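Got chain A; can you put chain B on it based on the hints?
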Amino acid sequence: MWTDTPEGNQLIGEISKELVSQLAPEELEMFDELFQAHFENQGTSAGDDEPLGFGGDLLVAMTPLVAIVVESVTRFISEEVIKATREESSALIAQKVKAILNPVKEKKGALPALTKEQLETVRKLVRKEALRGGMNTKKADDLALLITARMAMAD
Amino acid sequence: MVEKTPNESPPPPATLRLNLLAFPTETNALFALLVLAAVMLAVQLSYLIYLIPFPNAAAFSLETDVETLLQGKAFAQTMRTMLIGLGIPAFLISLILGAAYWTYRGHPRRVRRVRRLEQLQARDEPIQKSVEAEAIRIGIQPPYPVVEMPRGNTGTSGQVFGFQRNYMIRLDGGLRIWRRIRPGRFRAIVLHELAHITNGDVWRSYFAEALWKAMIILSIAPVMLNLFYSFGLGLIATFQGSGILDTIAALFNRLPFVLSLTLQTVLLLGVIGTIRARLLQKREVYADWQAAVWGSADSLKDIFQEGAEKEKKPSDLYMFRLHPTSTERLEILNRPGHLFQLSWYLPFIVGFLLALVMGGITLLVPRIYLLVLEPLRVARLGLVENSLLFWVVRGAWFSVLIATTMLMIAPIAWLISGVLGSQLRKQIAANLVEGKRGWLEYLKLSIPAISLIAGLEAGFWVTPFSIFIPNSLAEFIVDILMIGVMTVLAWLFLVYSRFITLRLFASYTGVKLSRARTLISGFFINAWIFICFIPGLFFDRILISHAASPDLSVFLIGFGIWLTVAMAFGVMMIVLSWGIIKLLTIIHAPRCQNCGQITRRAVPAIATCEYCGHLVGKWLYVQEEN
Numbered sequence: 001m002w003t004d005t006p007e008g009n010q011l012i013g014e015i016s017k018e019l020v021s022q023l024a025p026e027e028l029e030m031f032d033e034l035f036q037a038h039f040e041n042q043g044t045s046a047g048d049d050e051p052l053g054f055g056g057d058l059l060v061a062m063t064p065l066v067a068i069v070v071e072s073v074t075r076f077i078s079e080e081v082i083k084a085t086r087e088e089s090s091a092l093i094a095q096k097v098k099a100i101l102n103p104v105k106e107k108k109g110a111l112p113a114l115t116k117e118q119l120e121t122v123r124k125l126v127r128k129e130a131l132r133g134g135m136n137t138k139k140a141d142d143l144a145l146l147i148t149a150r151m152a153m154a155d
Numbered sequence: 156m157v158e159k160t161p162n163e164s165p166p167p168p169a170t171l172r173l174n175l176l177a178f179p180t181e182t183n184a185l186f187a188l189l190v191l192a193a194v195m196l197a198v199q200l201s202y203l204i205y206l207i208p209f210p211n212a213a214a215f216s217l218e219t220d221v222e223t224l225l226q227g228k229a230f231a232q233t234m235r236t237m238l239i240g241l242g243i244p245a246f247l248i249s250l251i252l253g254a255a256y257w258t259y260r261g262h263p264r265r266v267r268r269v270r271r272l273e274q275l276q277a278r279d280e281p282i283q284k285s286v287e288a289e290a291i292r293i294g295i296q297p298p299y300p301v302v303e304m305p306r307g308n309t310g311t312s313g314q315v316f317g318f319q320r321n322y323m324i325r326l327d328g329g330l331r332i333w334r335r336i337r338p339g340r341f342r343a344i345v346l347h348e349l350a351h352i353t354n355g356d357v358w359r360s361y362f363a364e365a366l367w368k369a370m371i372i373l374s375i376a377p378v379m380l381n382l383f384y385s386f387g388l389g390l391i392a393t394f395q396g397s398g399i400l401d402t403i404a405a406l407f408n409r410l411p412f413v414l415s416l417t418l419q420t421v422l423l424l425g426v427i428g429t430i431r432a433r434l435l436q437k438r439e440v441y442a443d444w445q446a447a448v449w450g451s452a453d454s455l456k457d458i459f460q461e462g463a464e465k466e467k468k469p470s471d472l473y474m475f476r477l478h479p480t481s482t483e484r485l486e487i488l489n490r491p492g493h494l495f496q497l498s499w500y501l502p503f504i505v506g507f508l509l510a511l512v513m514g515g516i517t518l519l520v521p522r523i524y525l526l527v528l529e530p531l532r533v534a535r536l537g538l539v540e541n542s543l544l545f546w547v548v549r550g551a552w553f554s555v556l557i558a559t560t561m562l563m564i565a566p567i568a569w570l571i572s573g574v575l576g577s578q579l580r581k582q583i584a585a586n587l588v589e590g591k592r593g594w595l596e597y598l599k600l601s602i603p604a605i606s607l608i609a610g611l612e613a614g615f616w617v618t619p620f621s622i623f624i625p626n627s628l629a630e631f632i633v634d635i636l637m638i639g640v641m642t643v644l645a646w647l648f649l650v651y652s653r654f655i656t657l658r659l660f661a662s663y664t665g666v667k668l669s670r671a672r673t674l675i676s677g678f679f680i681n682a683w684i685f686i687c688f689i690p691g692l693f694f695d696r697i698l699i700s701h702a703a704s705p706d707l708s709v710f711l712i713g714f715g716i717w718l719t720v721a722m723a724f725g726v727m728m729i730v731l732s733w734g735i736i737k738l739l740t741i742i743h744a745p746r747c748q749n750c751g752q753i754t755r756r757a758v759p760a761i762a763t764c765e766y767c768g769h770l771v772g773k774w775l776y777v778q779e780e781n
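Chain order of the listed sequences is A and B.
Heads up: the first sequence is residues 1 to 155, going by my numbering.
Heads up: the second sequence is residues 156 to 781, going by my numbering.
Treat the hints with caution; some may be incorrect.
[To be verified] Which bits of chain A does chain B cover? Going by a derived footprint, with three or more residues having C-beta under 8 Å, they are: (1) 8-19; (2) 29-37; (3) 52-59.
[What the hints assert, rightly or not] Calculated cross-link-like contacts (lysine-lysine; reagent style DSBU-like; alpha-carbon spacing at most 30 Å): (4) Lys128/A with Lys591/B; (5) Lys17/A with Lys465/B; (6) Lys128/A with Lys467/B; (7) Lys591/B with Lys368/B; (8) Lys139/A with Lys467/B; (9) Lys667/B with Lys773/B; (10) Lys138/A with Lys591/B; (11) Lys17/A with Lys128/A; (12) Lys467/B with Lys124/A; (13) Lys17/A with Lys667/B; (14) Lys456/B with Lys284/B; (15) Lys368/B with Lys437/B; (16) Lys128/A with Lys139/A; (17) Lys773/B with Lys437/B; (18) Lys139/A with Lys456/B; (19) Lys456/B with Lys437/B; (20) Lys17/A with Lys83/A; (21) Lys773/B with Lys139/A; (22) Lys456/B with Lys591/B; (23) Lys465/B with Lys591/B; (24) Lys437/B with Lys599/B; (25) Lys138/A with Lys465/B; (26) Lys467/B with Lys437/B; (27) Lys467/B with Lys456/B; (28) Lys737/B with Lys773/B; (29) Lys124/A with Lys465/B; (30) Lys128/A with Lys465/B; (31) Lys83/A with Lys124/A; (32) Lys116/A with Lys17/A; (33) Lys116/A with Lys138/A; (34) Lys83/A with Lys128/A; (35) Lys284/B with Lys138/A; (36) Lys138/A with Lys17/A; (37) Lys124/A with Lys17/A.
For the record, the hints were derived by calculation from the structure and aren't laboratory data.
These numbers were taken from a predicted model, which means no experiment stands behind them.
Every residue gets a Cβ at the ideal spot worked out from N, C-alpha and C, and that includes glycine.
Extracted from the complex, chain A is given alone in its bound form:
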């Protein structure tokens, strides 16, 4: 899949960094290290109810989770683009995916539009992944809104 290529990873990294700068700016200083961590097993560990343990388990940092969410969204959009443009070359598909995910940076002319249903699916996908990764409901909603708003700019 294109998302697993160095080019795909670079795009995921760029978008994640932009989102982290808005959601958790204190993590920017060690963004690269935290972004690499998302390839490892992330999220919260098993519950801690050991004697004299601190108890509970929280999200370590936003960056790895944001990266996981962006990766899922990228994968979803890639699949949608592939479905819509079967005959086009992979380079063109990559360009369209980039255009949807990064509308400000990419050329205006290359922008395909996502339907309202697709945007809603993205919103739900982001929310689900964020909650699964240990984000609280409010932050998960914020992240979903940020990502879908950004893609809606492609319309």
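This is chain B only, laid out in the frame that chain A set:
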């Protein structure tokens, strides 16, 4: 009177917190009570284990021992009975404590294995340095705790483990990240774990955990033995040619017995499991409180706020969890006043554990009497009656009798006052600050008094084959009546404890808790329990067990005499303790710790000085750090 005069001084600064640890914490005594209850449960179960396969066994029955004691049977026979009667419980006590100790010693290995901990790599050295810096700041003496972490960056918890002078702190991998991006949270978790060390929680918590595991095995043993006896032997008999119908009939005969034993065991383990969980939960919130005082209040609230947002509805097994929910911890940090209250739950636990202790003591006492008194009785037989030596030996016999009784009952009194008295002191401190005084506060003590007796009854009912539960309607009626009497006695004990504590500590203005006043209050409260409460507990059970007996009137008269003497003693104690407190106030007039002037504030312990404006006494408050 202290209670009638309002405290006119302005409130202390907001950075001062009422010191939760100004008094010895009640969980220490509760832990000791839990251990004693486990030991006494072992005594009762040893009797059961022997009794199940041999229901008519006389050698180990209490009645045989008492009869031997009363009738003065041959020395050899007495010693043999005593050895059997004490040997089996001693073996089981050794077994339960040995198993608990062995599990406790193995806890560091288990934590390391389960959490896959490793020694710190060079890149994690700053983490060890941070922990050491905090340990030095709060006054922990070297050797400092050693940090161990798993690989990776997941998890945000910590855990202290190990033994004195060799403590270790587990920090999850995610704390490597937090130290850099959320240093406040990292520090809060480290301080929470260090608070467990300074609060003396480590060995108590891991030993309580180990004891709990040993108790599960010990409690299940009679059930399994019984099931084997009831069903296993029946099956063997069937194979050996007994009629199948006979076997089924025999099994059905034993079914109620098996079911009641199983139900009692499940209930017993359930209640003890809850007690163990509450004990450990309490120590967690105390560690939170201490970490907050050391300057991590905001970070802890931040952590618990996030945890509370994620928190689902507590599961049904919440009561067995070792940690309160994030919502509860946040609530307690915001309103620490909860920690100062004497709720209904603590007296209930004390009552429940007391029931287990009483059951064991009742089985042990006659045997211990035999052990220590029989040699003296035999020695007396060979002496000329009314000779000097005869009276010396007889005096020794009575002295040993009284000393043995005191040695067995005094620890119970100490544990009751250690738990309830400590929490009551905290409640009084909070009441003083809130201005809650007067007779209504005394009346409110009826709730913990009712809980204490309810816990006691619950303990009797769930102890397998308890010798203390009523077996007939007459016994049941006497039981109900005695519940009322004992509740009043429990209330009187709490009232007296409040009376003396209030007067001793409200006027004290030192820098630290006064050792002399603690000793005086401890002495009087213990004496009250020892004379005016505990004998009533045993009398109560004797009356119930003789409800349908012609001897009831004899025991009723005995109870009446004790009650009269105890109440007269109670009045004497009130007068004496009041006099001593007055004398103390005259000799040591309350002085401001800042300017040295004698204060005339109504409640000097919590007041600010009328001359210099500083706090008069410092012992009841603690400064919150940044």
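Original post:
So which of those numbered hints doesn't the model satisfy?
Top reply: 1, 4, 7, 10, 13, 21, 23 and 35
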